[in-house]
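> Listed here are the chains, written in short residue letters.
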Amino acid sequence: MENVISLNDIVVSFDGETVLNNINLDIKDKEFVTLLGPSGCGKTTTLRIIGGFIQPDSGEVIFENKNITKLPPYRRNVNTVFQKYALFPHLNVFENVAFGLRVRKLPEKEINKAVAEMLELVNLKGFEERNVQNLSGGQQQRVAIARALVNKPKVLLLDEPLGALDLKLRKEMQTELKRIQQSLEITFIYVTHDQEEALTMSDTVVVMKDGSIQQIGRPVDIYNEPQNAFVADFIGESNIIDGIMLKDRLVAICGHEFECVDSGFDEKQPVDVVIRPEDITLTANADEKIHGVVRSVTFKGVHYEMVVDSSDFSWLVHSTKAPEVGSEVGILFGPDDIHIMNKMKG
Amino acid sequence: MKKLSKLYVSLVLLFLYVPIFVMIVFSFNTTKSRSVLSGFTLEWYAKLFENELILKSLGNTIIIAVCASIISTLLGTLAAIGISRMGKFGKATVLGINNIPIINPEIVTGVSLMLLFVFFKARMSMEFGFTTLLIAHITFDVPYVVLNVMPKFRQMTPHIYEAAQDLGCGPFKSFIKVVLPEIMPGIISGFLMAFTFSLDDFVISYFTSGPTSQTLPITIYSMTRRKVSPEINALSTIIFVVVVIVLVVKNIMERRSLNVKKYADDDSAEIIE
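Heads up: the sequence lines are chains L and R, in that order.
Going by the numbering used here, the first residue of the first sequence is number 10, and it counts up by one from there.
Going by the numbering used here, the first residue of the second sequence is number 328, and it counts up by one from there.
If you are wondering where the hints come from, they were derived from the structure by calculation, not from laboratory data.
Hints should not be assumed to be uniformly reliable.
Example chain R residues on the side facing chain L (calculated, C-beta under 8 Å, incomplete) [said to hold, decoys possible]:
# : residue
1 : L442
2 : T484
3 : G497
Every residue, glycine too, gets a C-beta built ideally from N, C-alpha and C.
Extracted from the complex, chain R is given alone in its bound form (with noise of 0.2 Å):
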């Protein structure tokens, strides 16, 4: 049996890994074949910096990323403090509606906000471009920053928002000195999560992007419609390289700020015993 799962489990991460694993072998083929390997080469990552067009996607897809998930970071963790003081039903509600995005079909979230878009384009002159796709990435990362930051709140030792003001701190004092760095493990993992879902969307960015805000994944898109060129095997390897390091750097804060959690609470076990 336990033989069996190992089987299955090696089989699901084969599944998901092989094709990666082949795009990146593919990325270092000397000839364009996609199915005969020929020899190692560094050309298509040289020749990926000097094509423009992706170079400038790139650029449009950082900036966005990194402005989207800033001003989401700001926005999700003022909702998370907002929600976190609501009481029982409000509070259900507002997570409730807060999930309703990201169960949503991003293509219905992409199209609903283009015919938005569409609808000011033609009243105030608002054009696509930078402006609309930061819209658009700003509403999808806000739900993931909540959800970040809120469980930080129910986790947070209890009364020490009263403690400071009973220190002497005013109330917007005593929220900067103690409670923000009680939710900041929440505050980043959000953020980062925010910046790795900007980095990679399609779906929504296809319906919201501009002629001149054409982010990475679209450029991609359109790259492989007119031929596949192992450019784009060099690219995706990069983008993938990147995310992984994010997420294990996010895994390794959560563990620690986990770990120090558990250690209080072993101690608290102790003391009840």
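For reference, chain L alone in the conformation it holds in the complex (with noise of 0.2 Å):
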């Protein structure tokens, strides 16, 4: 598949603070990419590049081989849907989705048929004639999708679309988007804080920090094969542990060796181990290498959240069986759920 955008070296800075730091990232076509990060990281900024609504200090834009760092933003082919919808409150929904095609000065008919489409196409037919500011955040939230896409831009940007709506109506939302883009074909770039959602809708997930990214790639590896700690940490909860490479698969944490499937650092390394709290197995059994007493039980629905305090470490653990509080417990972890991860810098 071919790339239809391309961020180059990208810097900016605003009022000598960095703000992006050489972000470098190919989209491909008909991808759902998802920036992911905490708030402050620079991922709506380099949503705002792509738009166009921002200008890199340095690098460059590249959509489909032509250099746009320059462009101004109505001169591209992506359209935005923004954070809080930016809806024209003077204008009633039908003319809302058609602003697009009304600038672009297609006949009347052609405008007609299009937005009918649209509305369709986000289940807002018959709302037409309805005045944007008595519609619900959901209503509102598809009004600005079919505002950008009747445009047939080759990308749409999402900046935080769902975030002013309730749990239920954004879960909803999240599979209405996929469908969109599915049926639809186009690349969309979607920014978000929050991972669950990420994981949930995306093909690529880009985590970043700090106006630097982290870790490109599929949800499941990110999950799975977490870079660094910071990422492991971000998406879903995880323990994060001190630990030393003895030699290749082997690693000592809080005492005691452990068999492992990491390789490749130098020996007697310090490292982060990563253990996600699902992988962990709490026995009856006190005697193990390492165990604890159960501190606190928290129902969470699926499963309990415990905290276990060892001798050196308070691990967080889900499962779906709770000892008593206040019991002693051993703490078991296969050589599978370990994640050897280098320090991070600073």
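The two chains are supplied separately, each in an independent frame; assemble them into the complex guided by the hints.
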């Protein structure tokens, strides 16, 4: 598949503060890409650079093999769904969606047809004459999506579009967005700080932190093979323990040796060891290498979340069975459950 | 306590409106007496419309008010656009400076403008008249327009200017198509405010008008210096009624745009819940 957008060595700073530090990103055609990271990581800035609302200090934006770095937003074949929808309050639903087509001076007949199709796609048939200010958040969201998509952009940019919706509606819209993306076969670039949203919808997830890309990969890979402790912690919950690599496939954690599957580290190299809470098994046998006392048990619906204090670490454990608070338990995990990572700089 | 506060409010209102009420009543009085009511007549209103001096200055006043409010609405709106794009510090500074002419005593503004015009009169054969009066009115109108338009930028739906560009409009077209409709209520109320201020300004006009460009307030003032004719009561009544109508229209319009905003806010509050 061909790259539809490439960002090459993008650097942006505001008031002397670096916001994006050397961003390199290739986005393939028809891909659903999510930029994921905590607030202030530069994900929205990256999106705005693709949209043309911010000029990078250096680096270039390539769109279908053409350099569009200097092109203003109104000359780019991308459209944006803005964070708070940014619908035009003085226009009704129909006119909001028709806006881009009117600017391009399409004949009335074509406009009517295209808008009707779009409203059908986002399930807003019959809302044409409604005032956008009297719509619910989810409906406004759909209008914003229709308004962008009616222009048949090559790429749709979405800036935390579901942020203002409640949980249930957000889940619905996630499925809906994915359906729209697949039926129209266009590239979606989606910005969110919600890791679950990112994992659910994306083909590719780009994890960002402090203006740099931490990891790019499929959701499964990002979850199972996080490249560093930050990614591991941000994508789902994790136990991150200091460890020392003794040799290939052998690591020391909490003073005990454990077999693992990672290799290629230096001998005696300090590393971050990541173990997912759901990969830990608790046993009644308190004679295991690592054992501790159950400090708390919280019911989370599908599973219980427990904190187990061992002599030098507090373990987060997810399990469908919960021991008594205060009981002594053994902590078990297998070689496959241990993920070894280079220590993060800084 | 509640009764007391009602009484207090009625007293205040009474104090404010009794003089105007008396004036209106006496504008229909048959004699020139200002203490005895002797019958109903529209004679003074009829006479008023035969008085050429009054009609001419009424014409002047309206022309000045229309010109000054249109020009200052344009200038003030452009200024507000610029100010809204400024940084925090710049915005505070410019808005502070904008407020000075409003707080500044009119007499100071009036005298200083007069001195400025005298300075130019000596150098460039500039006469006191329509132009000087117009400049003076624009000067005191602009800050009110800025004050009325500025809040609209703050209340504006975020990112709509960018959204229009995203959908293919150039910067100027984006402004006309989506920003202007949003700030229009502010522009209109700024215009109406400028218009009413121009209409009844006396102090500044007194210092900056020439013999050919007397406005109504100045004419009334010079008429009262000779003898107070009931024509003036009639004239003041008409002005009062016009101003009340303008204010009511302005308030209704503001209420309407507020209601629309309120619905929108209620809606988004629900969503967040």
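> Hint by hint, say whether it matches the structure.
Tested hints:
1. L442: Check failed: Cβ of L442 (chain R) comes no nearer than 44 Å to chain L, outside 8 Å.
2. T484: OK, holds: T484 (chain R) within 8 Å of chain L, min 6 Å.
3. G497: 6 Å, holds
In the structure shown, a violation is registered for the earlier hint numbered 1 alone.
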